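Residue numbers (our numbering), protein chains in the order written: chain A, 1 to 119; chain B, 1 to 117.
Derived by calculation from the structure, the hints in this document are not laboratory data.
Any given hint could turn out to be false.
Here are the simulated EDC-like pairs of lysine to aspartate or glutamate, each with C-alpha atoms no more than 16 Å apart in a straight line [as the list claims (entries may be wrong)]: (1) B:Lys116 - B:Asp55; (2) A:Lys78 - A:Asp63; (3) B:Lys73 - B:Glu44; (4) A:Lys57 - B:Glu96; (5) A:Lys42 - B:Glu15; (6) A:Lys83 - A:Asp62; (7) B:Lys3 - A:Asp63; (8) B:Lys116 - B:Glu15; (9) B:Lys3 - B:Asp22.
Here the structure is a predicted model, which means the values were calculated and not measured.
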Amino acid sequence: EPEVTQTPSHQVTQMGQEVILRCVPISNHLYFYWYRQILGQKVEFLVSFYNNEISEKSEIFDDQFSVERPDGSNFTLKIRSTKLEDSAMYFCASRPGSVRRLRSGNTIYFGEGSWLTVV
Amino acid sequence: AQKITQTQPGMFVQEKEAVTLDCTYDTSDQSYGLFWYKQPSSGEMIFLIYQGSYDEQNATEGRYSLNFQKARKSANLVISASQLGDSAMYFCAMREGYDNAGNMLTFGGGTRLMVKP
């Protein structure tokens, strides 16, 4: 079964360093997302991406964050200058396009996550 | 107000018994979708089941079923015949708006389910 894959699974970085988290969404999916989950807390939305541009972003997604789809398969999240409070599990997710009334078309599939620890 | 509320922070269930995990939601949209995800200790988010606001029948996926009560704005997850591997964190989530939009999911706080042998 196709799945969303993420790399790295775990990264430790120094405060102030740049980090790039990578994701390969399920092929032929059209909507892409990044979520994060601080340890012990809720899963929070960061950004959604469609048709090569950001379609929605949360207050968390400030100027330190950026997303890119550099080729036809990868979807990256960049944090320019990491802070201690950026330590979290970051999830990439994807879903198919507009397929109304088709249950599977509404499903959002998550990757296994990338643990980011900022020290 | 919270958009998704899961009132049970933790629950125990005996192996092979059924268990219901509660979820209530708050939205003024007519079109929305409700999701349940399982998060084992390894951390990944596993999709379990989806219910659209216009779906007339409750969703079922194997041992998982969703008890959708629209008037009460509840979308409880029922797991039948619990297994030890069901021990995990369970999240209810909602997508507001039409199906063809890339709208975000809002998650509840989760319920930790522990299955006893």
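*asked:* For a quick check of understanding: which of the numbered hints are violated here, in increasing order?
replied: 1, 3, 5 and 7
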